[in-house]
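A.B. asks: Residues per chain are reported as follows:
2 protein chains.
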Amino acid sequence: MKSIKALAPATVANVSCGFDIFGFAVEAPADEVIITLTSTPGVVIKQITGDGGRLPLHASSNTAGVAVEAFLESIGSEQGAEIVLHKKLPLGSGMGSSAASSAAALVAINHLYDNPLSREQLLPFAMEAERIACGSAHADNVAPSLLGGFVLIRGYAPLDVAKIPTPPNLYCTLVHPHLELKTEDSRRVLKASIPMKDAITQWGNIAGLVVGLMKPDYGLIMRSLHDVVAEPIRSALIPGFENIKAESLRNGALGCGISGSGPTIFSLSTEYSIAERVGKALQQQFESMKLKSDVFVSKINDAGARVVA
Amino acid sequence: MKSIKALAPATVANVSCGFDIFGFAVEAPADEVIITLTSTPGVVIKQITGDGGRLPLHASSNTAGVAVEAFLESIGSEQGAEIVLHKKLPLGSGMGSSAASSAAALVAINHLYDNPLSREQLLPFAMEAERIACGSAHADNVAPSLLGGFVLIRGYAPLDVAKIPTPPNLYCTLVHPHLELKTEDSRRVLKASIPMKDAITQWGNIAGLVVGLMKPDYGLIMRSLHDVVAEPIRSALIPGFENIKAESLRNGALGCGISGSGPTIFSLSTEYSIAERVGKALQQQFESMKLKSDVFVSKINDAGARVVA
Numbered sequence: 001m002k003s004i005k006a007l008a009p010a011t012v013a014n015v016s017c018g019f020d021i022f023g024f025a026v027e028a029p030a031d032e033v034i035i036t037l038t039s040t041p042g043v044v045i046k047q048i049t050g051d052g053g054r055l056p057l058h059a060s061s062n063t064a065g066v067a068v069e070a071f072l073e074s075i076g077s078e079q080g081a082e083i084v085l086h087k088k089l090p091l092g093s094g095m096g097s098s099a100a101s102s103a104a105a106l107v108a109i110n111h112l113y114d115n116p117l118s119r120e121q122l123l124p125f126a127m128e129a130e131r132i133a134c135g136s137a138h139a140d141n142v143a144p145s146l147l148g149g150f151v152l153i154r155g156y157a158p159l160d161v162a163k164i165p166t167p168p169n170l171y172c173t174l175v176h177p178h179l180e181l182k183t184e185d186s187r188r189v190l191k192a193s194i195p196m197k198d199a200i201t202q203w204g205n206i207a208g209l210v211v212g213l214m215k216p217d218y219g220l221i222m223r224s225l226h227d228v229v230a231e232p233i234r235s236a237l238i239p240g241f242e243n244i245k246a247e248s249l250r251n252g253a254l255g256c257g258i259s260g261s262g263p264t265i266f267s268l269s270t271e272y273s274i275a276e277r278v279g280k281a282l283q284q285q286f287e288s289m290k291l292k293s294d295v296f297v298s299k300i301n302d303a304g305a306r307v308v309a
Numbered sequence: 001m002k003s004i005k006a007l008a009p010a011t012v013a014n015v016s017c018g019f020d021i022f023g024f025a026v027e028a029p030a031d032e033v034i035i036t037l038t039s040t041p042g043v044v045i046k047q048i049t050g051d052g053g054r055l056p057l058h059a060s061s062n063t064a065g066v067a068v069e070a071f072l073e074s075i076g077s078e079q080g081a082e083i084v085l086h087k088k089l090p091l092g093s094g095m096g097s098s099a100a101s102s103a104a105a106l107v108a109i110n111h112l113y114d115n116p117l118s119r120e121q122l123l124p125f126a127m128e129a130e131r132i133a134c135g136s137a138h139a140d141n142v143a144p145s146l147l148g149g150f151v152l153i154r155g156y157a158p159l160d161v162a163k164i165p166t167p168p169n170l171y172c173t174l175v176h177p178h179l180e181l182k183t184e185d186s187r188r189v190l191k192a193s194i195p196m197k198d199a200i201t202q203w204g205n206i207a208g209l210v211v212g213l214m215k216p217d218y219g220l221i222m223r224s225l226h227d228v229v230a231e232p233i234r235s236a237l238i239p240g241f242e243n244i245k246a247e248s249l250r251n252g253a254l255g256c257g258i259s260g261s262g263p264t265i266f267s268l269s270t271e272y273s274i275a276e277r278v279g280k281a282l283q284q285q286f287e288s289m290k291l292k293s294d295v296f297v298s299k300i301n302d303a304g305a306r307v308v309a
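The listed protein sequences derive, respectively, from chains B and Y.
First residue of the first sequence? That's 1 in UniProt numbering, and the numbers climb one at a time after it.
First residue of the second sequence? That's 1 in UniProt numbering, and the numbers climb one at a time after it.
Careful, some of the hints might be misleading.
Remember, identical chains collapse to one label, so a pair may be satisfied in a single copy or spanning two.
Unchecked claim - Here are the computed lysine to any residue pairs in the SDA-like style, where the Cα-Cα straight-line distance is at most 20 Å:
no.: 1; residue 1: Lys197; residue 2: Ala157
no.: 2; residue 1: Lys163; residue 2: Asp217
no.: 3; residue 1: Lys46; residue 2: Lys280
no.: 4; residue 1: Lys191; residue 2: Ile233
no.: 5; residue 1: Lys215; residue 2: Glu120
no.: 6; residue 1: Lys5; residue 2: Ala70
no.: 7; residue 1: Lys197; residue 2: Tyr156
no.: 8; residue 1: Lys197; residue 2: Leu159
no.: 9; residue 1: Lys197; residue 2: Cys134
Derived from the structure by calculation, the hints contain no laboratory data.
The whole structure should be built from the sequences, with the hints applied where relevant.
C.D. replies: Structure below.
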């Protein structure tokens, strides 16, 4: 039977001022999914590597499995699928681990059927998978992982996403300290209401970030990458966050913040060499707190998940 | 002595989802200011027409006067100026009346000195004039009146404005019902804090509006022109607002909202004929409530205030 491999990238949700509505994809790391069609119905997770045995092997509990089941049902297929998942993204890291698995699986299965659905049409299936993984069908990781680049999720009723042209000179540093935060814990610390003046600051900044990305105007991007809503609260869950952020900016990053709900820290820079320097500096900073960390430096991924030979 | 006339356009602040950070300029109406340099120091308001005698003639209490005083001081001039102001904008209408007078005055006086300052550099003087007129040095009317087009005021500490390219097919209808709201009253009804979910909706929409304007994507502009923060509260001060808005959309407008703090209603449309039809429909709607109204239909003004022969 036909078999195909696809990769889907890690993503940064929120992007400081874009809490709950914004995300972007990076080149590395990326989850790998290999899908083989089967003549009998049903989706089976055949193997998962790289997860330390922590991910569920039952298809209906696994984001890749759920996404493929939803896809097959939507096109009325009577075939089934076997899934092999090579996790390259750390779990619970705030890098969109669950999203990358479902995005890769969807791009693979769609390809096996000669791409009957567009990337936008695959989104709802990936969102259903997010519901399984995180408890809510949010799109701020799955949309950039599928579409690539910076993606605005304007709203959900109905789903309204807009991809923003990727500026040419933008590099991301992801530093993942080895401590685990649960998304639910990160959400729980947020408040149900916010001061009007903070809200105005935040929407001035997200508008500024979007204008900066689209012009592009790197100075405006830099001035806009501030979060007065989630970061002041969530950063308390990340040891030494203030120093980490200051170190990133001191090394030349445009901005630095919490990736998704953390604990991964993202920084954006206008040169690869700066992004690398920032990575090393942040890793040392975590080391000084006896925390190991992984560093990923890459361009913005403009194409999203992709099929590989 | 040298004399010059300048026009500065009416402006729509807030633009639904851009509360306190966004505004745009229209072609009509526009205030006219004639400035004559004098050999003796001091700024004198020589004449004001069109205000029904309501504007202060003392230069330091008048937005045009304050702006010119600040300009002359900044360039260290030992000359003075005489100002004639022909008000074309209704006062207290939410169309940026005070801003148009100071913007026109600044562009005129700057021209008389061979433009030593850029439009951006004139902004702080116009903001000082706003402080006299409205009690706060906000920029969401003066920035678009000086710069033209759609302008983001990302923040004030320090002032950070970004002009957004004007989409080719965008027309504005302003309908000014003859009832007066004081800006202070309109601000007073707003709450000091807002639900997080409303804030997220609002910043999704302002980001969507900016992306829509810049692409341009008129559908996205339409879907983004919603205000869940100020409009639900302020609209209570405008009789029949819900019907007015529904009538605007029914006649084909992309969106409709309160201009600034009201009572003027703005609508945006992709064709001049639609913008005209919307204007007539809204005027009739107000008429059915025994309210007279003025209607202004025009393109977006992309150049801002300008000197005329």
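A.B. asks: Hint by hint, say whether it matches the structure.
C.D. replies: These are the hints, each one checked on the structure:
For a Cα distance limit of 20 Å, the shortest separation of Lys197 from Ala157 across copies, 13 Å, qualifies, whereas the shortest one inside one copy, 26 Å, does not. In the homo-oligomer, the alpha carbons of Lys163 and Asp217 lie at most 20 Å apart both inside one protomer (17 Å) and across protomers (12 Å), since each shortest distance falls under that limit. When the C-alpha separation of Lys46 and Lys280 is checked against a cutoff of 20 Å, the pair qualifies neither within a copy, at 37 Å, nor between copies, at 66 Å. Taking the shortest Cα distances, Lys191 and Ile233 sit within 20 Å of each other inside one copy (9 Å), while across copies they are farther apart (22 Å).
With identical chains, the CA atoms of Lys215 and Glu120 are at most 20 Å apart between copies only, with a shortest distance of 18 Å across copies and 25 Å within one. With identical chains, the CA atoms of Lys5 and Ala70 are at most 20 Å apart within one copy only, with a shortest distance of 19 Å there and 67 Å across copies. With identical chains, the CA atoms of Lys197 and Tyr156 are at most 20 Å apart between copies only, with a shortest distance of 12 Å across copies and 25 Å within one. With identical chains, the CA atoms of Lys197 and Leu159 are at most 20 Å apart between copies only, with a shortest distance of 16 Å across copies and 28 Å within one.
With identical chains, the CA atoms of Lys197 and Cys134 are at most 20 Å apart between copies only, with a shortest distance of 18 Å across copies and 30 Å within one.
The structure does not agree with numbered hint 3 stated previously, though it agrees with all others.
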